[in-house]
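Student: One letter stands for each residue in the lines below.
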Amino acid sequence: DAMVIQNPRYQVTQFGKPVTLSCSQTLNHNVMYWYQQKSSQAPKLLFHYYDKDFNNEADTPDNFQSRRPNTSFCFLDIRSPGLGDAAMYLCATSREWSGQETQYFGPGTRLLVL
Amino acid sequence: GEDVEQSLFLSVREGDSSVINCTYTDSSSTYLYWYKQEPGAGLQLLTYIFSNMDMKQDQRLTVLLNKKDKHLSLRIADTQTGDSAIYFCARRGFSGGYNKLIFGAGTRLAVHP
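Just so you know, the sequences run in chain order A and B. Heads up, my numbering is the position in the first sequence plus 594, with the first residue counted as 1. Heads up, my numbering is the position in the second sequence plus 10, with the first residue counted as 1.
Simulated from the structure, these hints should not be mistaken for lab results. All C-beta atoms, glycine included, are put in the ideal place defined by N, C-alpha and C. Keep in mind that the hints are not guaranteed to be accurate.
Computed footprint of chain A on chain B, listed as stretches where at least three residues anywhere in the stretch have a Cβ under 8 Å from a Cβ of chain A [as the list claims (entries may be wrong)]:
# : stretch
1 : 52-62
2 : 110-123
Listed next, the stretches of chain A that the computed footprint assigns to chain B, with coverage defined by at least 3 CB atoms under 8 Å from CB atoms of chain B [to be verified]:
# : stretch
3 : 628-638
4 : 698-705
Work the whole structure out from these sequences, hints included.
Tutor: Shown next, in the form of structure tokens:
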């Protein structure tokens, strides 16, 4: 029944050690998003894919990259995690871009950087 | 100030109504949303309102939009313990040629007996 799946739910990494977070969807949606949510803060959009078209937010650090090898999967790569990158990472999907389209969120991956 | 602002905490008694408030700065926002986040879970869309509407009701939920004051509220009638969660207000913005959601920091609703 799960529509947007994120693995793992909890990820511990070391300072500077690359880490990859995974998101998959069973909805066949065109758009996939990655958000960063720090404690007691609003979710902040990092980037999104419309199909294979990648769109980076202007203030997303270069340390964050993403891959979408097919419609179902999208990955968030953090090349050299710093302590400030510890957060909940939320993946979401939507069918299209229009204002009425619902974004469906996964449960998130909580990243801890030691 | 922040683009979308919410009070951080609200405590209500079970059975009472809850009113969660939100203000935003961009009057061109076309859609405004309320999302719910339960502990350890992702965000769940509760309801949304289009900017040409003043009110929208969906079962126990009532959304009020005051465009003049750029104020959005979510009223939950007969609040239950299962309503305890963080509620996020969001508006649809436009950036770099694409639509995106801009969230407030969330209001933590605590429901007590």
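Student: All the hints need checking, so say for each whether the structure fits it.
Tutor: So, going through the hints one by one against the coordinates:
{"no.": "1", "hint": "52-62", "verdict": "holds (count 6)"}
{"no.": "2", "hint": "110-123", "verdict": "holds (count 7)"}
{"no.": "3", "hint": "628-638", "verdict": "holds (count 5)"}
{"no.": "4", "hint": "698-705", "verdict": "holds (count 5)"}
Of the numbered hints stated above, none is contradicted by the structure.
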